[in-house]
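Let's have the full structure, built from the sequences with the hints guiding it.
Protein chains in written order, with our numbering: chain A, 19 to 152; chain B, 2 to 357.
No wet-lab data here; the hints were simulated from the structure.
There could be a bad hint or two in this list.
Said to hold, decoys possible - 25 angstroms max Cα-Cα, derived BS3-like pairs, lysine-lysine:
(1) B:335 x A:146
(2) B:163 x A:141
(3) A:32 x A:131
(4) B:190 x A:141
(5) A:126 x A:141
(6) A:131 x A:146
(7) B:335 x A:141
(8) A:126 x A:146
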Amino acid sequence: MPITLPIVKFHPDKGTLWVDIAYPETLLFCRYLLQLRDADTNEFIEGYDNIRGDNENSADDTYALPTPAYVNDGCVLMIFHTIMDQNGDGGSYRISVTIRQGGTVLWKSPDTKYDISGELEMKQTILKLEVEGD
Amino acid sequence: MRITIRVVASALLLLGTAATLPAQDIEDRVEAGRIDLAVPDNPAFNIIGGSSSEILRPSSLREVSVLLGDMLSSNPVIPKATAFEISPMLLASNPTLDTYAAQRWLYSTRVSFATSTENNGARQLSFGIRISLIDETDLRTNDQLLDAYRDLADLSNTAQSKCFDEIRNREDVNADNMPQLIDSCVRKKLEIQGILVDSIIRAERTRIRGTSWNSAILEIGAAGAARSSDSLVANLMSSAYSFWATWAQPVFGPHGQLLLGLRGASVRGADNTFGEDEAAAALRCYVGSNDFKGFLEFDFLARSGMTPMSTGALGIELNLSNGIWIDGSAGLEKAGSDATRITGGVNLRLATPEIE
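Given below as C-alpha cells:
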C-alpha cells in the first residue's frame, strides 16, 4: 500500500495559501528545499521546483502558493530539510512548518524536539493540499 | 575555535594570577618566560588564584562551567574552592541561528563566580565577566563553513526529493519508515557520486579550523574579589580588581596573526589600602600555521614598587597533539637601569582539546 500523505484542507475562495518555515530554538545549520507538484501530472509547478532557504539570515522564510488558491487542489507540497552540526558539539532542533490562509492556520507541523545524531540529519514535510468538501 | 586565545589563557591559569601574586613572583614569572595577557577562561576564578588544573571546562557555551578545587583537602564534603561560569543569555533563551549571529556578543557574554578558603580560614568571593565582542573563529557563524554546508545541504535536499519519488509508491513504505528509507537512499546516492557526507563535514570543519586560527578576536573581561578574614559575610572587603582585553587580527593573509593583550590589576595591600597596582601589555606577531608558527613579541610590565620591565623575544610554537602545545623562546629583558639580560625557556601548554 503506497504511503498516505497528510491532507491539508483549504477554502478555494479565501485567498492565498501561505507556507511558513522556521527552525526555532536551534543554533544548528538548517536548510530546506520546497517543491510543489501538480496533482495530475506529477510535474513540478512552475516556480515551485527549487525554492531553497536556510536559518542563517533573518529573511522571512514565507512563501505564497500559486493563486487563485483552488489551483493547488490535489497538489503535493514537499519540504525537505537537512540539519547539520557546525562544531561537532551536537544539539537539538525543531522544525516548524505552518500553512495559512486568510489569517487562519490550516496546518502546523508537530512541535517535536529532535537531537541531532551524527553530522547531518534529514527530515521531510510532505502534505497533500485539497479543497474543502472534496 | 579560539585556539590561540585558549592556549594563552590556559598558560595564564597555569601560571596563576598576577593580582594575587607578590612582586617577587611576578619577577620570577617574567624571568621564566612570557607574560600572557589573554582574557582568562574564568575571570572570577583567576582573580582569586585558581589554576587550570582545577578547572572542569564546559564543552559549549550553553553549559554551566563548574569548577571544583581542592575538594578533598580538609573537608570531604565542602569544596575548598568552587567556581562556575555561565552564559546567561544562552541559558535564559533559545536563540535561532540568525538571532545568535546578529547579537553574538550578547550570547557570548559569560559571568563567573568563585569562592575560595585560605589555609588560615579567610574566605574570598569573586565575580567576573567576559565578553567576546568579535570572534570570527566561531564555527556556528563561520561564513566559509556555512557556504560549504549550504552546498552539501542542497545536494542532500535534492537527493531527498529524488528518493521520495522512488520510494513513495513502493508497497513496503509507510509513514513510519519513510524517513529512514529516504535517509538511506540519499546516502547511497551521494556515495555513488563520491560524496561521503559525514566525512566531508568533518573534513571541512577541520579545514576551516586550521585556516581560521588567525581570525579576528576582540575579547574583554573584568573581575573583582572580596575577602573576609573569617566566614562572615559582614567582614567582606573588596580585595582586588582586574581587567583584561585581547585583540587579534589576521596579518599576512592566512599565515599570520597580530595579538595584543592588556591587563590591569589593583590589589589591596597589607596596609589595607588599594595601592598595589599593575599594568601589563604584550604585543605578539605570529607567522606560520596553526600547528607550527614562529613569533616575535614585546612585553611590558609595570607594578607598584617594582621597576618597570620590558621584554622582547623570538620563539616558535608547535602543536604536539590536540590540546597540547610546546613553545620555546629566547629574548632580552630590560628592567630600569639594570643591565639587559638574556631570557629564554621552553613551556608546555595545555589547551581545551578541539572536537574533531
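Cross-check of the supplied hints:
1. B:335 x A:146: It is violated: about 79 angstroms lies between the C-alpha atoms, which goes past 25 angstroms.
2. B:163 x A:141: Judged against 25 angstroms, a Cα distance of about 14 angstroms means the pair holds.
3. A:32 x A:131: With Cα atoms ~33 angstroms apart, residue 32 of chain A and residue 131 of chain A exceed 25 angstroms; violated.
4. B:190 x A:141: Answer holds: residue 190 of chain B to residue 141 of chain A is near 17 angstroms, not above 25 angstroms.
5. A:126 x A:141: holds, 15 angstroms
6. A:131 x A:146: holds, 24 angstroms
7. B:335 x A:141: violated, 64 angstroms
8. A:126 x A:146: holds, 13 angstroms
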